[in-house]
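> These protein sequences, in sequence, are chains Z and B.
Residue 37 in this note's numbering sits at position 37 of the first sequence; the count goes up by one each step and never skips.
Residue 342 in this note's numbering sits at position 342 of the second sequence; the count goes up by one each step and never skips.
Simulated from the structure, these hints should not be mistaken for laboratory data.
Fair warning: there could be bad hints in the mix.
To be verified - Selected chain Z positions facing chain B (in silico; Cβ < 7 Å):
#1 T99
#2 L100
#3 F114
#4 A147
#5 A201
#6 E208
To be verified - To list a few chain Z residues with every Cβ distance to chain B over 12 Å, as calculated:
#7 N48
#8 V177
#9 F203
#10 T301
#11 E310
#12 H348
Each residue gets a CB set at the ideal place from its N, CA and C atoms; glycine is no exception.
Now for the letters of each chain:
Number of protein chains: 2
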Amino acid sequence: MKRKSKSSAMERKKDVLEALRSLGKGIYDQMNNGVFPEIEMPSRSTTNLLYHPELRQYVLGDKNVNRTARNIRHLRPFTQLVWTAYFAHELTQLRKSSTLRDVYYSAQAFDISFNDQSQSNNIITDLETVVGYAREDFNIFPEERSAVFGDLTIEYTVPGYEGKQLNLSSHPDGMMVGPALTYSELIKTSADKIIVIEKGAMFTRFIEEHVYEKFNALIIYTSGQSPRATRFFIQRLNKEMDLPVFIFTDGDPWGMHIAMVLISGSANAAHLRELTIPDAKWAGVWASDIVDYKLPSDSLTEIDIKRLHELLKDPRYKGDIWQKQTKTFLKNKTKCELESFSRYGLTHIVDKYLPERFKELES
Amino acid sequence: MKRKSKSSAMERKKDVLEALRSLGKGIYDQMNNGVFPEIEMPSRSTTNLLYHPELRQYVLGDKNVNRTARNIRHLRPFTQLVWTAYFAHELTQLRKSSTLRDVYYSAQAFDISFNDQSQSNNIITDLETVVGYAREDFNIFPEERSAVFGDLTIEYTVPGYEGKQLNLSSHPDGMMVGPALTYSELIKTSADKIIVIEKGAMFTRFIEEHVYEKFNALIIYTSGQSPRATRFFIQRLNKEMDLPVFIFTDGDPWGMHIAMVLISGSANAAHLRELTIPDAKWAGVWASDIVDYKLPSDSLTEIDIKRLHELLKDPRYKGDIWQKQTKTFLKNKTKCELESFSRYGLTHIVDKYLPERFKELES
Numbered sequence: 001m002k003r004k005s006k007s008s009a010m011e012r013k014k015d016v017l018e019a020l021r022s023l024g025k026g027i028y029d030q031m032n033n034g035v036f037p038e039i040e041m042p043s044r045s046t047t048n049l050l051y052h053p054e055l056r057q058y059v060l061g062d063k064n065v066n067r068t069a070r071n072i073r074h075l076r077p078f079t080q081l082v083w084t085a086y087f088a089h090e091l092t093q094l095r096k097s098s099t100l101r102d103v104y105y106s107a108q109a110f111d112i113s114f115n116d117q118s119q120s121n122n123i124i125t126d127l128e129t130v131v132g133y134a135r136e137d138f139n140i141f142p143e144e145r146s147a148v149f150g151d152l153t154i155e156y157t158v159p160g161y162e163g164k165q166l167n168l169s170s171h172p173d174g175m176m177v178g179p180a181l182t183y184s185e186l187i188k189t190s191a192d193k194i195i196v197i198e199k200g201a202m203f204t205r206f207i208e209e210h211v212y213e214k215f216n217a218l219i220i221y222t223s224g225q226s227p228r229a230t231r232f233f234i235q236r237l238n239k240e241m242d243l244p245v246f247i248f249t250d251g252d253p254w255g256m257h258i259a260m261v262l263i264s265g266s267a268n269a270a271h272l273r274e275l276t277i278p279d280a281k282w283a284g285v286w287a288s289d290i291v292d293y294k295l296p297s298d299s300l301t302e303i304d305i306k307r308l309h310e311l312l313k314d315p316r317y318k319g320d321i322w323q324k325q326t327k328t329f330l331k332n333k334t335k336c337e338l339e340s341f342s343r344y345g346l347t348h349i350v351d352k353y354l355p356e357r358f359k360e361l362e363s
Numbered sequence: 001m002k003r004k005s006k007s008s009a010m011e012r013k014k015d016v017l018e019a020l021r022s023l024g025k026g027i028y029d030q031m032n033n034g035v036f037p038e039i040e041m042p043s044r045s046t047t048n049l050l051y052h053p054e055l056r057q058y059v060l061g062d063k064n065v066n067r068t069a070r071n072i073r074h075l076r077p078f079t080q081l082v083w084t085a086y087f088a089h090e091l092t093q094l095r096k097s098s099t100l101r102d103v104y105y106s107a108q109a110f111d112i113s114f115n116d117q118s119q120s121n122n123i124i125t126d127l128e129t130v131v132g133y134a135r136e137d138f139n140i141f142p143e144e145r146s147a148v149f150g151d152l153t154i155e156y157t158v159p160g161y162e163g164k165q166l167n168l169s170s171h172p173d174g175m176m177v178g179p180a181l182t183y184s185e186l187i188k189t190s191a192d193k194i195i196v197i198e199k200g201a202m203f204t205r206f207i208e209e210h211v212y213e214k215f216n217a218l219i220i221y222t223s224g225q226s227p228r229a230t231r232f233f234i235q236r237l238n239k240e241m242d243l244p245v246f247i248f249t250d251g252d253p254w255g256m257h258i259a260m261v262l263i264s265g266s267a268n269a270a271h272l273r274e275l276t277i278p279d280a281k282w283a284g285v286w287a288s289d290i291v292d293y294k295l296p297s298d299s300l301t302e303i304d305i306k307r308l309h310e311l312l313k314d315p316r317y318k319g320d321i322w323q324k325q326t327k328t329f330l331k332n333k334t335k336c337e338l339e340s341f342s343r344y345g346l347t348h349i350v351d352k353y354l355p356e357r358f359k360e361l362e363s
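Looking at chain Z on its own, in the form it has when it is part of the complex (with noise of 0.2 Å):
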């Protein structure tokens, strides 16, 4: 049984406020010394923004932007920040969570107008960049809900629910990776990895083929791309319980891509280290297994193609084996997904493709 090494999520909670009152501080102090507030933060422009290869990320550069109260062109977004710096600081007190989309409608009661969604979006970001942490760790959660199952024990921190704690194969259907579990305290697993899984079919045919048993995992199901929660969540499961990732997708650039992203993360968030698992393998369904198991498939169309060029370039695509499966993607012009495998039996994903696999990633 492993055990967390340390309690994280109250830590964290405590960090969090830490860093929205410092940065309230600094614009206080700076107001109290006569002096117009300003805030200063990395660029997130596309100029600005490199591939770390030891991070295994897209990183922001040296170029800082200053947002200055002198300035009366940047007056409204900085009081919009500051506004949000507020609201976040509130929301994580009070342990209540929301929405990007609830954010902007709350504005509007404080009388701090936003054009449009997309503004109040574009500032929340700033927000996260200015204080290097996700929206996620100041309540603002997708909308998007993902699930888990399996042998783990958890101890919410969420109100109503201190101290109690669960078990996660205690429903068969999974629980939903919400608010609650996501900053949860991870007590303990028999588990020694973790199987990613990006359709809610299969997990619960993983379930169901007792794949938490025979391959000593919790499953985790992302309903496609992963929402940005549950990559933390796994994230914290991977460093909190040294627990290995293996990820699985459909076979094509989409199914890849989805790997991708919960491996070295998106661009979009080169402003934040957290969402990242660097070490996570993706697993299959490879471009090679589609012939390997003669798995039925579809042809590429012209739209996965395109796609398939431009991953061949993206940094993040340099290492051997997407280089390989793109470019064995490209050569034989198939796709197929998770599903394809029930042409030999519904078990035949679990009973011959799962073992073989794993085998192969262990030598």
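Put chain B on the given structure of chain Z with help from the hints.
Only chain B this time, still in chain Z's reference frame:
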């Protein structure tokens, strides 16, 4: 504490197996008597589609179609239907769940060929029509997942979990509604109503703000248009536990129709009787709420307006509330989202809107 009236989930599975077996026996007996086997079923063509005001749903009329092995042009769909019935029986008996996509691929393992998935989907609907049960009854589930939260104790009937009980308030992010929950026994609840909500973020808000306690409710999240398994689960709660159902959606034609499909079903399911909840109520957001609650709103688009004119002519929309709200949308030309209540604070929807609405609906 309400208790279910009788063990229903396992009974139902037995009935489904019996219906499939009886279909097979009919075919066997015909062949045994030296005649070409045939299967008769109601026609699903639009000319045989009628609205039934008493049942408050679309139903099929008197026209029948006949599939007979005597006709060489029927031989292929006849064989496909017989194989699908065999496969459905296997799934139900082995208690393995599957999807429409899976069935399409699985057919290939038996050298039953479908031109494409829409053809196999259509044969599955034929099977529903013949045996009178929904595909979920023979374990063919949708890919989509939704969730539930509240004081409801269920008892599983799926292998490995038989006899185990769980209270659905034990995980504050919600439990997924999948095959295991859909066919669990409903043991007991202290709730006196069901609140259905289309958005994940609002589902989380309702849990955080203790809507389940304040309004003594189970809360169900549909994730937009409700998956059929979830409609069936809500219908069971309504029927077996006598819980009235209140549906909250965005205030636009699409949200209104999410409620309508839960209440009166879709034209596509005219051959089934188990996917409607005729006494469920659309509780908001109404077109009139946008004015009455001074909600931030957007203008209706051309597509919204076209849709509203279609709905005005739809027989399901004959009732007072539907006609009135559809016309109000068209008159004011505005729509809004559930989140728009946040303009008056994050808890406004729970503190003010919900109590007023329930009072109104009860009077």
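> A separate judgement is required for each hint: does it hold in the structure or not?
To see whether the hints hold, each was checked on the structure:
Interface hint at T99 of chain Z: satisfied, since its Cβ lies 4 Å from the closest Cβ of chain B, which is below the 7 Å cut-off. Hint on L100 of chain Z is violated. Least Cβ distance to chain B is approximately 9 Å, over the 7 Å limit. A distance limit of 7 Å between C-beta atoms decides the matter here; for F114 of chain Z the minimum to chain B is near 11 Å, and the interface restraint is violated. The restraint placing A147 of chain Z at the interface with chain B holds, with a minimum CB-CB distance near 5 Å, inside the 7 Å limit.
About 4 Å separates the beta-carbon of A201 of chain Z from the nearest beta-carbon of chain B, less than 7 Å, and the hint is met. Against a cut-off of 7 Å between C-beta atoms, the interface hint on E208 of chain Z holds, since the closest Cβ of chain B lies about 6 Å away. Separation of N48 of chain Z from chain B is adequate, the least Cβ-Cβ distance of about 32 Å exceeding the 12 Å criterion. The non-interface label for V177 of chain Z is inconsistent with chain B: the shortest C-beta to C-beta separation is roughly 7 Å, within 12 Å.
For F203 of chain Z, the requirement that its beta carbon stay farther than 12 Å from each beta carbon of chain B is not met, with the minimum near 8 Å. No beta-carbon of chain B comes within 12 Å of the beta-carbon of T301 of chain Z; the shortest separation is about 15 Å. Chain B leaves E310 of chain Z outside its interface by the beta-carbon criterion, the shortest separation being 27 Å against a cut-off of 12 Å. Distance to chain B contradicts H348 of chain Z as a non-interface residue, since its nearest Cβ pair spans about 9 Å, not more than 12 Å.
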